[in-house]
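Single-letter residue listing:
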Amino acid sequence: CASSGAKKADTKYVARDVDTLYNAAKERLDKGQYKIAAALFDEVERQHPYSAWARRAQLMSAFSYYLARQYQSSIQSAQRFLSIHPGNKDAPYALYLIGVDYYEQIQDVTRDQKITQQALDALGEVVRRYPDTPYAADARLKMDLVRDHLGGKEMEIGRFYERRRDWLAATIRFRKVVDEYQTTTHVPEALMRLTECYLSLGVPEEAKKAAAVLGANYPGSKWYERAYALVQKHPA
Amino acid sequence: CARIRDHKGYVVDATLIDSVQPGIDNKDSVSKTLGRPSFAGQFDKGGAESWYYISRDTRQLAFASPRPVSQMTLAVRFDKAGNVTAVDKSGLEKVVTLSPNGDKTPTLGRDRGFFAELFGNIGRVGGVGAPVGGGTTDNPQ
Amino acid sequence: QDAAPAASAPAAAALPGSGVVRTIAVAGSQRLEPDTVRSYIKLKPGDPYTRETLDQALKDLYATELFADVQIRDDHGALTIQVRENPVINRIVLEGNKRLKEEKIRPEIRLAPRQIFTRSKARADVARIIELYRRQGRFAATVEPKMVQLDQNRVDIVFEINEGAKSKVRQINIIGNQHFSAGELEGEMATKASRFWRIFSSNDSYDPDRLAYDQQKLRQFYLTQGYADFRVISAVAELTPDKRDFIITYVIEEGDRYKFGDIDAESEIRDIKPDTLKALIRIRKGDWYNAKTVEDTVDAITETTGLLGFTPDVRPDFVRDKDKLTMSVTFKVNDAPRVYVEDIAINGNTHTKDKVVRREFRLSEGDAFNSFRVKRSRDRIQSLGYFQEKLEIEQKPGSAPDRVVLEANVEEKSTGELQVSAGFSSLEKFIVDLSIRERNFMGKGQEVRAGVNYSTYSKSIELGFTEPYLMDKNIALGFDVFRRDYNSFNYYGNDRRTTYEQTTTGFQVRAGVPLTEYVSLALRYGLSFDDVSLDKNTFYMVNSQGELVCDPLLAGRYLCDALGKRTTSSVGYSLVFDNLNNRVRPSRGQRVVFSQDVAGLGGSVRYVRSRIDADKYWNVGSGFIFSLGVEGGAILPLQSSPGPGVDAVRLTDRFFLGEPQMRGFAIRGIGPRVLRIPYDADGKPITNRDQMYDDALGGRYYYMSRAELEIPLGSGAREMGLRPSIFLDVGSVFGVKKPLPTATFEDTDGDGKLDPVTRPVRDSSGNPLYLIPEGQTNAGTYTTCVTGQKNDAGTCVGSVPNNAATNSYGPWDEKFLGDTWKPRVSVGFGVNWNSPFGPFRIDIAKALVKRDGDDTKLITFNVGTQF
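Chains as they are written, first to last, in my numbering: chain A, 53 to 288; chain B, 25 to 165; chain C, 18 to 884.
The following block holds chain A by itself, in its conformation from the complex (with noise of 0.2 Å):
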């Protein structure tokens, strides 16, 4: 549509009062046209910076950049508000809403996890500092699929080095999730994966023991039925 031509630019230097300004940034955001709307809130700070309305737009600002899945400025908008405004009452979903900016960007294990570990970290952030809040509940649940995560991608590896039959370097990063990442759904085959490296490296009763601690821990699941068959098949 044409009309929504107000390109960024050119906002920056019409002078609106901050009504209007605020108005038709929120307009903007309903119609579903986030990048505008990002920054029609921008501007409201930029004119207004002390009006009542200028804690709200930067708040307002990050949300919209979130919506139109500019993460990046999204967590900036959001770290400037925090930083001029530490104790507002919306702090911390400000701190909260950079956590999900990052865990939005999460990539599939097999690449390069930076950016899980920079959600894992704000993340924590909001649990560390805002713990009773609904955004700290949230904040946990997603903590553990983004540490689930981080264990994936361990095990991805070590996958890969049992795909190529390299059974020290796969114990090696077995144990790496096992030791790191116990709260994680990877344990159990882990655990079996361990059984597998253990007897191919020689060394039977660790594989034994492996496979005890998969069968007390995780008695129902399936890696323990085939860490058992293993071991059964293969007697120190």
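Check before you lean on any hint, since a few could be wrong.
[As the list claims (entries may be wrong)] So the derived list for chain A, only partly shown, Cβ under 8 Å to chain B, looks like this:
1. V179
2. D200
3. R217
4. T223
5. L251
6. V265
7. A268
8. R278
9. H286
[Stated by the list, open to error] For lysine to aspartate or glutamate, the following EDC-like pairs were computed, each having C-alpha atoms within a straight-line distance of at most 16 Å:
10. A:K141 - C:D52
11. A:K261 - B:D81
12. B:K56 - C:D352
13. A:K260 - B:D68
14. B:K128 - A:E257
15. A:K261 - B:D127
16. B:K56 - C:D419
17. C:K461 - A:D160
18. C:K61 - C:D72
19. C:K61 - C:D77
20. A:K166 - C:E424
21. B:K104 - B:D68
22. A:K228 - C:D360
23. C:K309 - C:D334
24. B:K118 - B:D68
25. B:K118 - A:E79
26. C:K832 - C:D712
27. C:K76 - C:D86
28. A:K141 - C:E50
29. A:K166 - C:D334
30. B:K128 - A:E208
31. A:K274 - B:D127
32. C:K754 - C:D670
33. C:K863 - C:E725
34. B:K69 - A:E257
35. B:K128 - A:E277
36. C:K234 - C:E271
37. C:K461 - A:E208
38. B:K69 - A:D231
39. A:K228 - C:E359
40. B:K128 - A:D200
Hints listed in this document are in silico derivations from the structure and should not be mistaken for laboratory results. For each residue, glycine too, the CB sits at the ideal point set by N, CA and C.
Fit chains B and C to the supplied structure of chain A, relying on the hints for placement.
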């Protein structure tokens, strides 16, 4: 035709290995002579640990997966106080050849669309943290 | 409108010292909420306070950098924090930056719109901009931050930049150099005195850190010449009187020249025997002392011991003998515990999958550290061509002293290539090649290629796919499907004639398997259907039986024999030895490929074609890369020749040589050919090469060798990826049966000149045509009536005889040339440039030695790689 020969894991030094005797050595002396193990026993509770030194020579014919040809597994057992109680060596006979199970635990994270993959990397500067959607043809920045 | 702080409260109210805080009020804050301000100080109502705590509160508030001015007033415990907030930035404007563009400066500035303006940040940004200009060599640059007050305590920041002239190095003086001339020493240094011909180079501008680097270069140079006591006493850069340029003066002391004393080696590690080390030492007693050879020996020893899985530190001990001026060296290999790899981390791979990089590692976790394998892993990862140029595998300390973590920090490079190739050659043929190639498809390391090639010579479409590690195993599998239309034509005057047209459709399946670290075997099977046809109406004639048949006079006998459909089903293998350090831009190592293809498993074509192709690269120091390439091939037919004057190997299977392999020659410009040289009006053969009708035949054997020296340019050019090189090409293609002449001309009318041969013109159904003479209606057109013209009913009417329409083919002298193994030689220079669209190459080459009939070409350029 020629096979690719490879050595995996611990580099064996026969004289040093024979020098480790039960009852005499303890954890420090062993780690000085042999160095730290390939890995220690994972589930040893209460200090009665065992250290494993794995050394293996493999042969790989072209695209087949590498087969172990010779193996030396050295297991050094310690008691609670950290003194060596037993040193057992084993070779290829305990090695089991098996192929890893195909199943895997699912992980979250979206796979990028087909076209994002195909054209995702033309002229794009792969800076970490650059928004995922950046530079792909379907939603140009 | 600044809230004047002092107005509302008596400034001199003496603080009563300490007491209990009753209330804390905040005044003068517009943007920040009072409780935000309170959250910055440690005082709470009910706390005791003293002078120190108040000062501390003041310091805390200033530390937040949010306030321009802060005061705390206390009347009996009711504290009032009077603040004046720092202004908020509205816009940042750069003025006066001509040399440095806006986008170069903008990222360096910390201040941003909507942030709080603080003096310290402004000062930091000014310093950063000046640093940018320093690095450009403009030391006279000054930056003046100006603030423009706006309403609501907002401010615009204007950085007024005046860049000043680029301060150059006008003069370099060296004092104390007896054994080497100033010119020689200046050659060693990176900084050059500014001369007019150095307009492009940036290293004649003054740069202090390059000054330090030069001193180190001087020292290095002298150490390699044996002056062990060399010292740079002083290096001073003074401004010239007019304050624009600098004069650099070095004062050096060369000291005496040393020779090598006795050389020895000691090893503390049991497995490494001293005499194995001695074999590596190439220094002999009595040579001039040279620090570089000592370093090289240390590297050699470290590398060989690294091979055995040790990571020793090798240190040379020098014993200096002042009077005999000798320096004896003992290479000491100190004991170091064997180190194991604890973890291999791959970072930065936002597009490439982790396993694509990990499978190139030649060692894995748990293995003994081995510097040679790590170097080999780096070479292999670099050869993928997905990442940045200078890729290194870093070693980080592990969780224990004998553990190491290997880290490959990669930066993704765009691996999608859009190639547009436009060729232009002396016979003004225009080639456009559009192909898209993604070398890292889906980040899985797979290569996908799709190419459309349109040129006046050939039209082709090609699809290719390669998976280097099928199911993570060491087997590479790939296939290509192609359809190619070759048509070769030439110009007879300006009448463009297609000599022949070959359409090939087919596919090829290929697999590659590594035999050892450097040797790999590739197998391939290819099936292709060829259809060679001639342009009917210009080259065919209707023989006596009325069939349309290829006329050897027009098309040449060999083309007529090549007609028809053929299927080629061939299987082949190649043995590849490759230890290049970087397959994309090799600078060390060699690659030798021996391949053989046997065509004859079914299909109508039978031959054995073998080829050898070897390239070797040397890094001859300071960026010069010399490469020598040798190529050769032979094709042996397994079927007999279909007729006299026709070679057993088909035209399309023979080897051709010319552009682009041999620069300086046109496409297929070298080798056996049939040249038809027409006679001009008075019977003498013409000389204009373009007028001659030339058709390359190719040959059964060919050889070629190429020597190329790549010349490094200044850092500026290198960033743009410019790589000029000079080259020498030598080669020839030969060995084809001499074709029979297509026509012989006699002097029928006895006028001493050869006469043309005539061919009746027939229409497509074979009946001869006649030309309507002048004076008749629609004269000059063809009709099939012998006399008169056709009426509406189609019968010939009229008695005026038409004259028979014949094509006359002028006499020409048909020569078979170029079939000699004697080498053609061309020399020239070219520039390689990695343009955003793909590699761009332009070559200017002169054919020094050429044989009769060769077709040379001076300039060829090509955007896009040659497959």
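Which hints from the list above does the structure break, by number from lowest to highest? 1, 7, 11, 14, 15, 24, 25 and 29
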